[in-house]
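Chemist: Using the sequences and the hints given, assemble the complete structure.
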Amino acid sequence: MSEAILYTDSPTMDVRLKIWRFDSTTGDRELKEYEVEAPEWATLLDVLDIIKDRVDGSLAYRKSCRMMICGSCGMRMDGGAVLACKTRMADIVASGRVPTISAMGNLPIVKDLVVDMTPFWSKFRAIGPWLRPGYDRPDDGKEYRISQERMNVIHKESLCINCGCCVSECNAMESDPEFLGPQALAKGMRFVGDPRDAGTVERLEDYNDSHGIWDCTRCYYCNERCPKGVDPRDAIAKLGAESIKHGIDRDMGAKHAKWFVKSAMTTGWLREAELVPKTQGIVSAIKQTGFALELARHGKVPPPFPPHVAERVKEARLLYDLVKEQGRDGALGIVQGEHALARIEFLEEHGARLNAPEIQPGVEPPHAEG
Amino acid sequence: MAVEAKHDVVVIGAGCAGMRAAIEAHDAGADVALVSKIHPTRSHSGAAEGGINAALGNASEDDPETHAYDTVKGSDYLGDQEAIEILCQEAPGDVYQLEHWGAVFSRTEDGRIAQRPFGAAGAPRTAYAADITGHVLVQVLYEQLSRRELKVYDEYFAWRLVVDEDRCQGVICWDLLDGGLKTIGAKTVIIATGGAGRLYVGTTNAYACTGDGMAMALRVGVALEDMEMMQFHPTTLAPTGVLITEGTRGEGAYLLNSEGERFLKRYAPNAMELASRDVISRAEQTEIDEGRGVEGNVLLDMRHLGAERILERLHGTRELAMTFAGVDPIYEPIPVRPGAHYHMGGVDTDVWGRTELEGLYAAGEAACVSVHGANRLGGNALMETITYGKRAGAHAAEWALTHTTVAVPESVERDAERELKQLLARTEGERPWRIRDELAATMHENFGVFRREEQMARQGELIAGLRERYENVVVQALELGFLLELATCMVVAGRARKESRGAHSRPYDFPERDDVNFLKHTLVRWRDGAPELDWKPVTMTKWQPQERTY
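Protein chains in written order, with the numbering used here: chain A, 1013 to 1382; chain B, 630 to 1179.
Source of the hints: derived by calculation from the structure; they are not laboratory data. Be a bit skeptical, because a hint or two may be false.
[Unchecked claim] Looking from chain B toward chain A, a few residues come up when the C-beta cut is under 10 Å (computed): (1) S672; (2) E678; (3) V765.
[Said to hold, decoys possible] A few chain A residues that face chain B, going by a derived Cβ cut-off under 10 Å, partial list only: (4) V1122; (5) F1136; (6) R1137.
For glycine and all other residues, C-beta sits at the position ideal for the given N, C-alpha and C.
Modeler: Spelled out as structure tokens, the structure:
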């Protein structure tokens, strides 16, 4: 009898799954199918335990807390990263699906579901993951005085458990393994957004270097797959906004973003013809003239003249002014990701007033008044 | 096998106590390394949810003396009062330091560290970071570790202490990723390996909590203190014991029986849901045993707190309840029951973390200083890891810096290697999980919230039988070997304590506390393959035993 079955009278189910087994010493890779009996409440981690105990003791994976806080059991189910301890099997079994379990992506596999986390931690260290104390240290030796609203700015970033699910799914890292990546950059935002940290400008300079924030392709897979609601892509967006606020805009990515704002404010549209010179510079733009003309000839870009102005451009300008007036500079101007929006909807539905940590300080959420 | 490396101080375990000890030893000038079978941020300290106790006085008037009194009373007078006073005096400064390092605490209206009421505390004293306080502290300590570039032998399973010339001089480890034994020499060794909750089937503890450090100390002749004192947390989720924080009750949640009654009014009419953990666990177990439970549980009801408060301060708790019990606490009460949570007992140390073996220290849950006595107050565990981690680190560094040599005799390494080879070569015999599951289930039945002499005696025989069956392969089996010895110590100490005190409740034969005969600590040492019982007096400074009511 398993520990689980001894302890509960829970009905059981037959769980089937496939696991990509891998042995780095021989390089052998094999997809093996397993079928075991498990209690109905079993998670993926419980099922792996049953397999390891009773079917094949050589199966390798990491685990510890089994309650979504230690971050050990990141792995892929059907190609997407999950925490095994957070993944209940009952619905999957009921649907008849036979999921395929494999090691996380973007990290070298050591054995079966165990990956080498060394690259992950070296990026973590590269962002300088400790507070650089600087100013306003209280004279009385007690704590810094900081409002809850101010701390809320880094609430989500401080939820990170270093499981690596975001890194596993990062598309930018797949094409540029040197990219600092979603976890390290979310950690970076945790310090940039902390009023106790005196290293803001140096940090932003560092994170703006090559392989930094502007390498992100904004695919949002990290937000999608993070099991803790950290929303790393939002953190990267906040770092971008903070960089521009501090005048750190040397990267093409920053210039690109700035031009989007300028375009929307002036014409209500994206002024695409000017985007290349504004982002990449005149020389590069001239080199690409031929390509641009080809695009224009095929109707892929509007001609630059006469300027294409949206009918209700005034609204775009008003929105711009509104954001400015509210003082939503830098990180505070970033609209939060789906998790936050889901939460806003939940609160609205249930009539609770909005005071949730996801919402930025001093700002009513975009559609709270509806 | 050669000695892999030598350091001044080696810390085994990299949770809050281990990391705090390493930082202190490093700052004192020692060459420090940590050994941990899991990466430091995976440590189970991160699962501490509710908070950390220090008399900061941010939510109401408070002072270290009140904190100390609450702790003494909470311990059912078994806690050593000198150790408790040190803890409570140093706690505020230690918490401010964590905050200066960047710990993301929740805040009061005026921007100070927020504090919430916790069980059996005379003031709202538990500083918190929503319901992820332990996680926040693990992160900040790991950040400080990174800043100091401390060496971590991570995914090294510490198996055996090196003792030579009556001194602890290092540790032999199994390298989990590369395989093979590695010896790390050290002038001083600090055990900070946490608890042994995996002795029980329903436990809040991680799979990693197998009491490794306690058992390693036991095997080199060091005494374990008050091992019968295992705390049962009143609010754990069926079926596996996932923790629901005491912070829920701190925020105002109710405990109800099947009749919808707040039954604590019959057990702790003043403190109600904020009585001490042992009191509430017994009350719950009584309700369940007398047929007023709901499928073996009672109900934790926080609906009246409202969605907003639950989402802001108990967000993680809601996530746990939804994932593991399928219940959204905004709409429904959560079924909870007592589960094994924390070992008040551990390696016997003085107030600097020193054990009776020179060069060997212990801190945190693995140690018994003893600040928790027979029952720990919620929020005191994290505080102990920080304050006593710091103190052990300081003393271990000082000793290491004034002594120069480390010697690891080759015979020690050879013995270890031979023993491991024998284990690995074994192809017959039982798989460890059967023994593990049987141990965990029977401990729950026979050494749980309430204890009977005949059940404890039966458990003793059962463990002896399991130890005979115990033989097998590497890590899981090594952990199981540790657990079996610890369980033996617990039963021996539990049977010897013929009274009811704190977590050790014997309602059938010894229902009362007996200060005349048992106001003293149990000590168990391992001699010739068997446990040997001894006693040690309680250190008292200001407070004489009183009747304990809440």
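Chemist: Indicate, hint by hint, whether the structure satisfies it.
Modeler: Here is how each hint holds up against the structure:
no., hint, in the structure
1, S672, "holds, 7 Å"
2, E678, "holds, 9 Å"
3, V765, "holds, 6 Å"
4, V1122, "holds, 6 Å"
5, F1136, "holds, 8 Å"
6, R1137, "holds, 6 Å"
Of the numbered hints given earlier, the model fails none.
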